[in-house]
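Trainee: Here are the chains, one letter per residue:
Number of protein chains: 2
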Amino acid sequence: MVQVAVMGHGVVGSGVVEVLENHRESIAKRAKEEINIKYILDIRDFPDSPYADKFTKSFDDILNDEEVKVVAEVMGGVNPAYDFTKKLLLAGKSVVTSNKELVATKGAELLQIAKDNNVNYLFEASVGGGIPIIRPISQCLAANDVVEIAGILNGTTNFILTKMIKENMSFEDALKMAQQLGYAERNPEADVEGHDACRKIAILASLTYGKHIYPELVHTTGISAIALEDVAYASAWGGVIKLIGQVKALDDGTVDICVEPMFIERSSQLAGIDDVFNGILVRGDATGDVVFYGKGAGKLPTASAVVADIIDCVKHLKARKYLYWADGDASLVKPYEETSFAVYFRIETNDKAAAEENISKIFGTVKFIARSEAPENELAFVTDVMTVADQLAKAEQLSKTGAVIKSKIRISDL
Amino acid sequence: MVQVAVMGHGVVGSGVVEVLENHRESIAKRAKEEINIKYILDIRDFPDSPYADKFTKSFDDILNDEEVKVVAEVMGGVNPAYDFTKKLLLAGKSVVTSNKELVATKGAELLQIAKDNNVNYLFEASVGGGIPIIRPISQCLAANDVVEIAGILNGTTNFILTKMIKENMSFEDALKMAQQLGYAERNPEADVEGHDACRKIAILASLTYGKHIYPELVHTTGISAIALEDVAYASAWGGVIKLIGQVKALDDGTVDICVEPMFIERSSQLAGIDDVFNGILVRGDATGDVVFYGKGAGKLPTASAVVADIIDCVKHLKARKYLYWADGDASLVKPYEETSFAVYFRIETNDKAAAEENISKIFGTVKFIARSEAPENELAFVTDVMTVADQLAKAEQLSKTGAVIKSKIRISDL
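So the sequences go chain by chain: A and B. Residue numbering for the first sequence follows this note's numbering, beginning at 208 and increasing consecutively. Residue numbering for the second sequence follows this note's numbering, beginning at 208 and increasing consecutively.
None of these hints come from the bench; they were simulated from the model. This structure is a prediction, so every number in the text was calculated from the model and none was measured. Fair warning: there could be bad hints in the mix.
Copies of the same chain look alike in the list, so a pair counts if it fits in one copy or across any two.
When the alpha-carbon atoms are kept at most 25 Å apart in a straight line, the in silico SDA-like pairs for lysine to any residue are as follows [claimed, not checked]:
1. Lys455 to Tyr543
2. Lys239 to Gln210
3. Lys370 to Glu472
4. Lys506 to Asp496
5. Lys322 to Lys528
6. Lys528 to Ser345
7. Lys313 to Val285
8. Lys574 to Glu273
9. Lys373 to Asp260
10. Lys528 to His426
Chain A on its own, in the form it takes in the complex:
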């Protein structure tokens, strides 16, 4: 029998307890050991819980109990999770987590401590909820050079965009609906401004390229500025707008990494991933495109990924697993201004004929897009591939002719 502890009894934490208890027998078979929850750590009281006797408010109970071999950290946030995880790893206990913020900001350090202490630090649940992605990238695709990863990594923003695309709902109304359905927090910033997706692509990039790519190095734009006009132009162009977290290996050894809304062609495998679903495309040089699809969040999907990591730790109590990346720095990341892609602009102008002429003069070859019911003073176009620096300089030039730039959205090459 292996004793484990669960730190945090929120949505995911209570799910972990539920999955471990409800599948006790089949899990024991798979782990080849019975798994028993000895402690549940939470500062709140749960007097009515069937597991009331397992609750503790003292982290030291877990840290100092030599019987506890594996701990699930499902508290979220950097503090005190960071301090707790460090102490547990140093004490020779394996830790599994769904805490993307902690892995994205402190992963390299914690993985090094795990390595030095011959224990495991696993985090399958930190990206994609219940969708297997960390293990497939690190193990199944190990024979590939991963050329690119692009994913719809945040269910809340995908739900909002789906409502905008399919029901012509405004961003504000769709957000309100997401909040009513419990998909978005009262303070939705982490989701709608792209921070959550940013942490996830930072984790996938670090894992894939072996060096820590910190979230603050990832150019991140959310979806709060997306208007229904842009949705309509994306449709006229032949696609949809999705919030994409993306990392690409460049020839000079750096990576192009970002989170931003993108125009995605309708034929792309990511275009049909709607509502709260997540989808992650991994492009390997040998295997081609592989897509992983499922619910990216939610109590039981995320909990089941945490429990799968617990099982893996129990099976590897004396062996180190595969997960590791070294520390990294800003030199790994291509500055956003130097990255290149085609871009969509929507502008307002009082003189369309003159504006079209100016646009062609400034941007070179562009493709104008038309939509039905466009107001008289609106123009939209897609440029050729150019650096962001060029895009901005040319946009500045265009502004000087009197045109007002209302939107600028990346065109995906997927």
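Chain B: place on chain A using the hints.
Mentor: Only chain B this time, still in chain A's reference frame:
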């Protein structure tokens, strides 16, 4: 440095050599050991190969060389691969394979020998080519009870059906095109009659439910009887026809397992998987639906999965991995006649009014489907859920009224 051997130098085998050589450095980093190909076994001569010095025609060279720790068996077919694999495992060497026929027919025995000899027998490449599926099911989804697996497991038939659906091409013409493009063999039976998909769903079912489900227990129907009329009715019904390998856990402890063409609703995640692509849906009780998508075959995708398994073996030279299932028998599988689902019929009749009356009398509530350009003597309908035994008995009754049954296709509940 770890010495490995590759048995078979066909499409996949030459791909394995190519991937191992071209990614030598990054693979060494991931495996934490350099990997060297010491032998390539093939009965043919390859005098112009850059690896000419590694070729041998003698299996004993590999078997008797104590330096060789891991062997990739990419010969295909049961003989002599079965005999070779058994001897290698008994000699304490790990074996990895893409050989679905061997795994589907001898898996339980070979996994037992691997277990007894503390070595690994891995076969990620046997299902889904380069799509990670074996490891995600056995590891990432370990905390789930897998309720159902349904997949488009054969790229050749999916290509043919896509041509029929999107270009109104006949089965014969689409098959000819698949052969010209190298997607189908000159003798296409293993693909079009569903045998290839049958082996793959047998492997996934055995892995998921822990007992060997032999291919001969899987009711298997191919796509050669699918007519363009059926494709048109599927479209009018709101979906497409796909060849699905499916296994469902039933309440009585048996499984409903089959390979057959099915009507799939357009909104299903499997409906949009076209051309030579494969897609596998795994429904877990905790994680919900997870879908894996990618190229299910081809030289480099399949080879990269074989090499990922080699890397895993090299990392676990002294540790047993997770893959195992016990032997099984016919009692695991619900007899096909006792399984239940809704079904589509297309019939010919000289008296439609009378036929409609007979159909309703015999089948109870049905839904008639109309298509444009249907000939005067054609009728199509979808029944409620009923056992296959009932379907057949009622079809027999209907035939006695003079109606001629032209098609009968399962309705998927995905």
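Trainee: Against this structure, judge whether each hint is valid.
Mentor: So, going through the hints one by one against the coordinates:
no.: 1; hint: Lys455 to Tyr543; in the structure: within (12 Å within a copy, 48 Å between copies)
no.: 2; hint: Lys239 to Gln210; in the structure: within (14 Å within a copy, 31 Å between copies)
no.: 3; hint: Lys370 to Glu472; in the structure: both (18 Å within a copy, 22 Å between copies)
no.: 4; hint: Lys506 to Asp496; in the structure: between (29 Å within a copy, 14 Å between copies)
no.: 5; hint: Lys322 to Lys528; in the structure: both (9 Å within a copy, 20 Å between copies)
no.: 6; hint: Lys528 to Ser345; in the structure: both (11 Å within a copy, 16 Å between copies)
no.: 7; hint: Lys313 to Val285; in the structure: within (8 Å within a copy, 50 Å between copies)
no.: 8; hint: Lys574 to Glu273; in the structure: neither (66 Å within a copy, 65 Å between copies)
no.: 9; hint: Lys373 to Asp260; in the structure: neither (49 Å within a copy, 61 Å between copies)
no.: 10; hint: Lys528 to His426; in the structure: neither (31 Å within a copy, 40 Å between copies)
Violated hints for the displayed structure, listed by number in ascending order: 8, 9, 10.
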